[in-house]
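Trainee: Sequence:
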Amino acid sequence: MNDRQQFEPRSRARRRALQAIYQWQITGQEASEIISQFLAVQDMSGVDTEHFEALVRGVCAEKEAVDVEIQAFLDRPFNQVDLMEQVVLRIGAFELLHCPEQPFRVVVDECVDLAHRFGSEQGHAFVNAVLDKAARAWRTNEAPAEQPTTPAG
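For the working numbering, add 975 to where a residue sits in the sequence shown, where the first one is 1.
Hints may be right or wrong, so weigh each one.
SDA-like mimics (lysine to any residue), calculated; alpha carbons at most 25 Å apart, straight line [said to hold, decoys possible]: (1) 1038 / 986; (2) 1038 / 1012; (3) 1038 / 1009; (4) 1038 / 998; (5) 1038 / 1001; (6) 1038 / 1073; (7) 1038 / 1081; (8) 1038 / 1011; (9) 1038 / 1005; (10) 1038 / 1115; (11) 1038 / 1103; (12) 1038 / 1093; (13) 1038 / 1008; (14) 1038 / 1026.
Ranges of calculated distance between the beta carbons of each label pair, as one might list FRET restraints [as the list claims (entries may be wrong)]: (15) 1003 / 1100: 26 to 34 Å; (16) 1036 / 1076: 18 to 26 Å; (17) 1100 / 1014: 31 to 39 Å; (18) 1116 / 1047: 15 to 23 Å; (19) 1078 / 1043: 20 to 28 Å; (20) 1078 / 1024: 18 to 26 Å; (21) 1096 / 1017: 36 to 44 Å; (22) 1051 / 1092: 19 to 27 Å.
Source of the hints: derived by calculation from the structure; they are not laboratory data.
Using N, Cα and C, we set each Cβ at its ideal position, and we do this for glycine too.
Could you put together the complete structure from these sequences and hints?
Mentor: Right under this line is the structure:
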């Protein structure tokens, strides 16, 4: 099994989590209700459903704390960030903070891919800059020493 195949179920979990968390942000439904709906209606084959559920429950439960943590790496208030990029940043920040078994480079790369696919035109570059800085600060045991930089714009 190559690295890509090994991470594919998690990649699919992140894509489904992105959709579920976006729905949660728009509708205000309970996370458990959205999870149940996704498991019943969406094609979840090949998805790491345990990771999907952990991301949706975790991001929804920890939204305020995650937003505060990620704000340190932004050049504007979090609520001024594009809605889809907010979702991607929340997923990435949650994983970086709460899923140490996930290599930070995988988390950042996957979130950049999500932002590229679903976000605004330059959203992926913004997400990359923000999560890279966050990973360097939060995952000091994995990330190379931080280089002096300015907030992402």
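Trainee: Find the hints from earlier in the document that the structure breaks and name them by number, from lowest to highest.
Mentor: 21
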